[in-house]
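All letters in the sequence shown, in the order written, are residues 1 to 953 by UniProt numbering.
If you're looking for bench data, these hints aren't it; they were derived computationally from the structure. Positions of the beta carbon are idealized from the N, C-alpha and C atoms, including for glycine. Certain hints may be false.
As the list claims (entries may be wrong) - Quick list of simulated restraints, FRET-style, between CB atoms:
(1) Gln759 x Ile944: 35 to 41 Å
(2) Ser473 x Asp534: 37 to 43 Å
(3) Leu368 x Ile137: 51 to 57 Å
(4) Gly747 x Glu947: 53 to 59 Å
(5) Arg150 x Val110: 56 to 62 Å
(6) Lys935 x Gln907: 15 to 21 Å
(7) Met800 x Asn474: 55 to 61 Å
(8) Ser732 x Glu947: 47 to 53 Å
Claimed, not checked - Straight-line alpha carbon distances no greater than 27 Å define the calculated DSSO-like cross-link-like pairs of lysine-lysine that follow:
(9) Lys696 x Lys615
(10) Lys376 x Lys258
(11) Lys405 x Lys439
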Amino acid sequence: MAVMDIKRKFQNFLRKQESVQSPVEDDINHDLFTGEPAITKYKHSHMVNPHEEQEVLENIEEVYYNDEDVDTSSFELQKVPEDPDLDQIDRDRQKLRKQLQVVSKKVSDVVLQNHPAYAAELQRVMELQKTLQLASIICANGRRQLSGARKSFTTASLKMLANYRKRQQLIGLLKSLRTIKTLQRTDLRLREMMEEEDYCSAIQLCLECQKAASTFKHFTCISELSSKLQDTLEMIEEQLDVALSKTCSHFDIVHYEKVQIAYRLLDKTQTAMDQLHMHFTSAIHSTAFQIVLGYVELCAGTGNSNFQKRPYVDLCKNITQESFKPCLVDLCKALWEVMKSYHKTIQWHESHDEEFIRESGVDVDITLKMKYIRQKLDHGLTRIWHDVQQKVKIYILGTDMANFKLEDFIRVLDLVNRLIEIGEEFCGSKSEGLQDSLKQQSLNYFKNHHRYRMEELGMFLENEGWEICPVKSNFTLLQLLEFRFMQSWTRSPATNSLVHSQQEVEGEESLPNGHNREGGRYFDQYKDEGSPFDVQPDEEENEDVFSGSWDDEDGEGRDTDSDEPDELKQDYIDELTGEAQSNRQYRRRTSRNKNQRHIPIVTNTTLNVLRVIGKYMQMMTVLKPIAFDVINSMSQLFEYYLYTVHIFFGADTWVMNERSLNNRMHMTLQRIRNNLIAEAPIPGAPPTDQENGRDKFPQPHLSPIVDLSGSGRLFGLAERVVAAESLVFLASQMELLYPHLEAMIPGNKKVFLQQFFSQTVKMAAELRKPVYWTVSVQAVDYDNILYHMSGVKWDVKDIMSQHNSYVDVMLKSLEQLSVRLVDINRRVPIPKVVYDLVWEHCVRLANRTIVEGYAGAKKCSNEGRALMQLDFQQFLSKLETIVDLRPIPERDYVEAYIKAYYLPESQMESWILEHKEYSNKQLLSLINTVDHINKKARQRLIAIVEEMDRHRR
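Throw the hints in and build the complete structure from the sequences for me.
Structural data, given as structure tokens:
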């Protein structure tokens, strides 16, 4: 009970203290007016560590922060236990006092912090009080003066003032009515300005009228006029948008500048730029649609609207082959105008926006707007080119161009390739989509076209009479119309090949139309008028490549020997036959060979192949992605020509031997046959797979008008010369094209090109050997010579001073061959290399015939061997007057065989092992006719020869 009484008395004491203000509060209130902080009075008891103060604040119980009416004294008393502990109570008291001090200090700090604001607000209140006092004085003075006026003025004075006020009101009303009348007439003037396309004045007038209308909005008629002016302003914006759209197809700098200034007056330059891009997109779509629609309706012969409801893709599928190219030209021209307008738009902004920013000063808002416009224009380049590319791509893929003429197809490729170049200049795009579609169409077209050309080449070859086509002595493929696009190329004397012009050497790309790759070349060249797609007038197709006759060219056919020495003009008597031979004729023939070695020997088929190659190169130049396919087809043209010449003139198996066709040539012909030549169908056999034979072509057959069996015409030597030398000429022209082909083909395909030239083109000259070998084998009757040699006895006892008659027979045959060659040379110029090759074959065969004749001797004496040497030396001395070959081919072949008879037994075996070029029969004959070796040695040598023969087999 005692504890309860103590608590009760303590609570009563606290209640009494509530009416008494705490010294802390008194100090704080006093400090508010004295400016002295209350905290100074408790400076000795305050903590200075802010962390401790913060910890004390955080330890204050939540009940002290409660805004509701809470009895904190009761709260503290309730915490006293039944059995109070004075030390604990004292500790709680000290704790509460410390918390009070921290809170008081915090409050004091807040008061000090807000004291300047309090002082300022108090000053404003005091000024407001003074103002109210002044207003009270003015009101009192006004009331006093009004009271005096009421006593001083009469009724007449008041009426006069009232009339003056009415007058002033009427003047203001009249002025307002005049302004309203002017506003009413503004609509007519605005329409006149719009018809005159004076958009800036119209907008300024409309804005001024709106400002004036807002001043007189209290009139009922003006409210309607304001609505009408707003409609007029919207109409101006609509017409301004229409005017903006007109710049997309035909850019007019004056017109566009008016439109841009008008949008600036409206403060809608960003909106205008957004609208401009929409108009460009719409212009591309509508322009492409209308152009294609016009050609479709023209081809359909009707003007109804059936096609107008169809989508653009369907319209492109209804374009006919005849109208495809002119429609593409018009489409490219129209799209070019759109791109050119956009390009001029960018140029206008680049030149005017900076000036506008400078005139406006440092204005962040204007700078941001100009930056937005520049970014919008830059981003629009790719978008506009994408739309243009899509329209052309859809148009190209909508038509099957398989039946187009090659000239028309190349023209289409050139147009699209030029558009791709414009796109690269326009926005730096590579136009992968357009190139892929163009490549797809090109491959489909080229595949069918090439097969037709190969079939056409086969027809040419089967109907070719192998007559020389008279062309000028300086003829090259560059003189053909199909190679006009290469006129920007020059011939390099050092390399004897085509090289790029100086601009291309400096790193610029060679283009089909002769322009150089420079920045803005299309947009600069055609900025005012014209178009890159204007159809150039076709030049008169006049090829100055033909001459009247090969022997009239530069006087080469004239028989002039005035410069020859007299001794060369004299005739000589043949020691064998006694006939007079004309040395002049022989010298004239030799001179003719030297003069005519540069005359191109070509046929109509050769020119046709060159023309096809020229067209192929045009296609490859304007569309590089198909370059490898085109070069592959060009290689097939050459390989087919080469294989045909071999089949017609060099495939006589009954006269072939190892020296007429080397291994490389044999492998080349075998590869061509396996890859290019279709097998002849066997009667009764099942049909072959068409897929496997699609890229193969039938083997042509020689025309029946070509006679290769007549000995009077040297077994078709003239035709053989024309065929073989035209092939060599074609190979030389291909060599001229190698640098260009190498530049066009992708890097990973250059190996194919190198193999083609090394394994096929360079093999053309090797084909001469089998072609002329056939003539050499049949031109001389070697069997007759062997027959004459078989009657000669070689076991004579006396040394003879006269050679045998077979030498005269052989020389006579070679003389007749020489005369025939001269006759044929009058019809066809035989190059010196052909002369040398024919004579080399003939002399080689003659020497082999001599050895074969010597090997037919069953018995031979030393004197007989001397006679063999005499015959051969006589043959060589006369042969040197007939042919110009130095040294004589296989001379050592004969002499070594003759001298082998004198070898001792110890050297005979090694000689046989070293000379494997002799046949088994020839070696056995040599062993059997040698009489200075014994029987045992002879049998041993025979065994060696037979062993060598088994190895050969």
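Okay, the hints, checked on the actual structure:
1. Gln759 x Ile944: 35 to 41 Å: Between Gln759 and Ile944, where Cβ atoms are some 40 Å apart, the hint holds.
2. Ser473 x Asp534: 37 to 43 Å: 39 Å, holds
3. Leu368 x Ile137: 51 to 57 Å: 54 Å, holds
4. Gly747 x Glu947: 53 to 59 Å: 54 Å, holds
5. Arg150 x Val110: 56 to 62 Å: Hint holds: Cβ distance 58 Å, inside 56 to 62 Å.
6. Lys935 x Gln907: 15 to 21 Å: Between Lys935 and Gln907, where Cβ atoms are some 19 Å apart, the hint holds.
7. Met800 x Asn474: 55 to 61 Å: 57 Å, holds
8. Ser732 x Glu947: 47 to 53 Å: Once the Cβ atoms are compared, 48 Å apart, the range 47 to 53 Å for Glu947 and Ser732 holds.
9. Lys696 x Lys615: 22 Å, holds
10. Lys376 x Lys258: Holds, because 20 Å separates the two Cα atoms, which is no more than 27 Å.
11. Lys405 x Lys439: 17 Å, holds
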